[in-house]
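So the sequence lines, in the order shown, correspond to chains Y and P.
Following my numbering from start to finish, the first sequence increments by one per residue and tops out at 422.
Following my numbering from start to finish, the second sequence increments by one per residue and tops out at 334.
Keep in mind that a hint or two might mislead.
To be verified - Using 25 Å as the maximum straight-line C-alpha spacing, the simulated DSS-like pairs for lysine-lysine come out as follows:
1. K63(P) with K174(Y)
2. K236(P) with K199(P)
3. K84(P) with K397(Y)
4. K236(P) with K174(Y)
As the list claims (entries may be wrong) - Which residues of chain P face chain Y? A few of them, derived with a C-beta cut under 7 Å, are:
5. S48
6. R50
7. N106
8. P193
9. K221
10. G224
11. V225
12. E239
FYI, nobody ran anything at the bench for these hints, they're computed from the structure.
Keep in mind the model is a prediction, meaning the values are calculated, not measured.
Glycine included, C-beta positions come from ideal geometry on N, C-alpha and C.
In case you want the letters, here they are:
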Amino acid sequence: MPQESGHASSQRRIAIMVGAGHVPGINAVIMGAAKAAGMLGWEMVGIRDGFDGLLYPERYRDGGLLTLSPELVESLDPTAAGLLGQAPRVDPFHVRRVNEDDMVEEVDMSDELLKRLQSEDIDAVISVVGGRGLSILYKLHRKGLNAVCVPRSIENEIASTMVSFGFNSALSFTIELLGRVREAARAARKIAVVEVLGEQAGWLALQAGIAVGADAVLIPEIPCDLRAVASGLQDKVTGRRPYGLVVVAEGATFTEAPKAEAKPLSLKASLSPLATGEASEHVIRRSGYAAEKVAHELQLLIAHEIFPLVMGPWVRGGAPTAVDRQLGMAYGAGAVRAVKAGSYGSMVAFVPPDVKFVPLAQAINKVRTVPADSEFMKIARSLGIFLGREL
Amino acid sequence: MRTQPVNPSAPTGVVLNIQRYCSHDGPGIRTNVFLKGCSLRCKWCGNPESIAFKPELSYDPGRCTGKQACGLCLKAPFPDGAFYVVEGATDDKVHVNWDLAGDCDEAQASLCPTGALEMFGKRMTVDEVLEEVEKDESFYRSTGGGLTLSGGECLLQPDFSAALLEGAHERGINTAIETACNVPWKFVEKVLPHVDTVLHDHKLTIPERHKKWTGVSNERILANFKKAYEMFPDIDFVTRTPLIPGVNADEEHIRAVLAFIRPHKNVIDYELLPYHRFGLGKYLSLGVVYELDDYKTPSDDLVKHLQSIIDEAFGRNSSTTQSQK
Numbered sequence: 032m033p034q035e036s037g038h039a040s041s042q043r044r045i046a047i048m049v050g051a052g053h054v055p056g057i058n059a060v061i062m063g064a065a066k067a068a069g070m071l072g073w074e075m076v077g078i079r080d081g082f083d084g085l086l087y088p089e090r091y092r093d094g095g096l097l098t099l100s101p102e103l104v105e106s107l108d109p110t111a112a113g114l115l116g117q118a119p120r121v122d123p124f125h126v127r128r129v130n131e132d133d134m135v136e137e138v139d140m141s142d143e144l145l146k147r148l149q150s151e152d153i154d155a156v157i158s159v160v161g162g163r164g165l166s167i168l169y170k171l172h173r174k175g176l177n178a179v180c181v182p183r184s185i186e187n188e189i190a191s192t193m194v195s196f197g198f199n200s201a202l203s204f205t206i207e208l209l210g211r212v213r214e215a216a217r218a219a220r221k222i223a224v225v226e227v228l229g230e231q232a233g234w235l236a237l238q239a240g241i242a243v244g245a246d247a248v249l250i251p252e253i254p255c256d257l258r259a260v261a262s263g264l265q266d267k268v269t270g271r272r273p274y275g276l277v278v279v280a281e282g283a284t285f286t287e288a289p290k291a292e293a294k295p296l297s298l299k300a301s302l303s304p305l306a307t308g309e310a311s312e313h314v315i316r317r318s319g320y321a322a323e324k325v326a327h328e329l330q331l332l333i334a335h336e337i338f339p340l341v342m343g344p345w346v347r348g349g350a351p352t353a354v355d356r357q358l359g360m361a362y363g364a365g366a367v368r369a370v371k372a373g374s375y376g377s378m379v380a381f382v383p384p385d386v387k388f389v390p391l392a393q394a395i396n397k398v399r400t401v402p403a404d405s406e407f408m409k410i411a412r413s414l415g416i417f418l419g420r421e422l
Numbered sequence: 010m011r012t013q014p015v016n017p018s019a020p021t022g023v024v025l026n027i028q029r030y031c032s033h034d035g036p037g038i039r040t041n042v043f044l045k046g047c048s049l050r051c052k053w054c055g056n057p058e059s060i061a062f063k064p065e066l067s068y069d070p071g072r073c074t075g076k077q078a079c080g081l082c083l084k085a086p087f088p089d090g091a092f093y094v095v096e097g098a099t100d101d102k103v104h105v106n107w108d109l110a111g112d113c114d115e116a117q118a119s120l121c122p123t124g125a126l127e128m129f130g131k132r133m134t135v136d137e138v139l140e141e142v143e144k145d146e147s148f149y150r151s152t153g154g155g156l157t158l159s160g161g162e163c164l165l166q167p168d169f170s171a172a173l174l175e176g177a178h179e180r181g182i183n184t185a186i187e188t189a190c191n192v193p194w195k196f197v198e199k200v201l202p203h204v205d206t207v208l209h210d211h212k213l214t215i216p217e218r219h220k221k222w223t224g225v226s227n228e229r230i231l232a233n234f235k236k237a238y239e240m241f242p243d244i245d246f247v248t249r250t251p252l253i254p255g256v257n258a259d260e261e262h263i264r265a266v267l268a269f270i271r272p273h274k275n276v277i278d279y280e281l282l283p284y285h286r287f288g289l290g291k292y293l294s295l296g297v298v299y300e301l302d303d304y305k306t307p308s309d310d311l312v313k314h315l316q317s318i319i320d321e322a323f324g325r326n327s328s329t330t331q332s333q334k
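Based on the sequences and whatever the hints tell you, model everything.
This is the structure:
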């Protein structure tokens, strides 16, 4: 943990912002940070819509900054999101705009951002961001921003923390939906192949698959042999149990050589630390690709009827779970502690039993994948859940 | 190729690529010179490497030999954190953090011994470009071909483009440009006096929809086209539409474009360019997200149907056109 040398606690003004990408109950993080700052006698302001509130104050009636007064925080609903809003892109180094000649261009507004913070007497910024946001905040920190990040992710792939804010809520909702799908498959006497979020890491698929008693779970960490899965399903799906459930993470990989027509259709993976190229097994396909592929190829091998479903972004909405509400408050308060300690350029991390601050350099360029010797892998195997090729 | 400008006062430009033996962008066999920089952000863009004006880093993982065999980009002078190896991965290939590597320059890219890191685009003089273009002069003479400036948006470098095209004319080489025309009129009028054929995009008709798909309205573009048709009657104009199902691949758009161009006799043709996904690999090597993820290519039947509407408007036999294409 970095040294806690930092500022004195008197009369500071700090800000909090939320990066692109929605997760349930962001207000909990904002509340945690604002309450902790209030306890120190600091003023906390929220930046609207990512950094837009600072870069385009003229667009907002309140000048783009919302003072998180004790009264406002007291009345805030911790199960809601959207107090500060979000921007679709949060990268002040490449801000897309239409110039005075009506031409589209990307401009570096990072200097302007730092100047605006200075003119607003804001001396530190807490950012609730995902994996890519960490890199951008790291770059801003190297440029002089006193930044502390809170990890926020649906698939829990951010390294150096055991859990990111939002994952538990997504997991809970995924389990609920998978339970319903399982019932529907049982009633229809079919095999459901359900794609869940998880481009780079299989935590969501694996943990939800265990919870609902899936027959197979296919995750990016274990290249999947669909012939072996088909063989296993044929043993499990019988006349007495004429249905099945296969959970597939959207970034699942496969052992066979890709067919010409099955080339990657999406290049979102260009931003993925695991992607190395078009031929890479880690290239991420468009939403729905994994479910379609698995259902189609299993159908060629199995007589039982199979249907694909895509859970997609539904799990990003709704209310946060009790775990996330607690974690959000803890992360918010932890981020203020990091600011107080002067631990800038860091990310708040849950390393049981502690909340710690890890340097951003240790959190970026890594993916928290499911280790081969993970306890969850062992649990799945002991429950008879097929993990791709280990039958 | 010379590295020093012959005429130091001549304008220089940022060139993405010079492609010889082209046959689809103007009459005859041509050399296409792609300039960098674009003023639109079409979601279907097939040339993402041409959008930024500056030369920019690209990465070809197929050429990377990995950390153990090389690993040069994992240390200074490369930016801290810009390149890395994934812990626990099955290979030791280098990965790129595009948010941190975007500022790498040509000097840094040139340190990569295998060429996995390269720059898209380089600054060139008019003479350097024309020296390349002149290599195929005999083909131009025998086929009626010549030089085509493309992009990006070639009109965003008006001085360089005008000098290139003027130089080509001085050498007796036919000239064409490919443009979307989203530039101030002063750029257009600087370049067009040196052009024989203008291939210009007509992407969407309704201004709001044009803004949604390309980033800006098309009002200035249409005004530029109209003014160009009228002020440059000796230029051959060829209208083009990149056909994307769900965006503009419908009769309404085609008929609206025909209504716009047919009153002008110097608009000699209207071509359809069925959307393809050939540009996707380039997005990966630039670390850019492709925004038109789930769109399909138009069916042959749809293209034929829309082409028949165009042929009818131009008084042509549809089956003849199809067999020529």
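Hint check results:
1. K63(P) with K174(Y): Judged against 25 Å, a Cα distance of about 22 Å means the pair holds.
2. K236(P) with K199(P): Since the Cα atoms of K236(P) and K199(P) sit roughly 13 Å apart, the hinted pair holds (cutoff 25 Å).
3. K84(P) with K397(Y): Satisfied, since the Cα-Cα distance of roughly 17 Å is no more than 25 Å.
4. K236(P) with K174(Y): It is violated: about 47 Å lies between the C-alpha atoms, which goes past 25 Å.
5. S48: Holds. Min distance 3 Å.
6. R50: With a minimum Cβ separation of about 5 Å from chain Y (threshold 7 Å), the hint on R50(P) holds.
7. N106: 6 Å, holds
8. P193: 6 Å, holds
9. K221: 13 Å, violated
10. G224: 4 Å, holds
11. V225: 6 Å, holds
12. E239: 21 Å, violated
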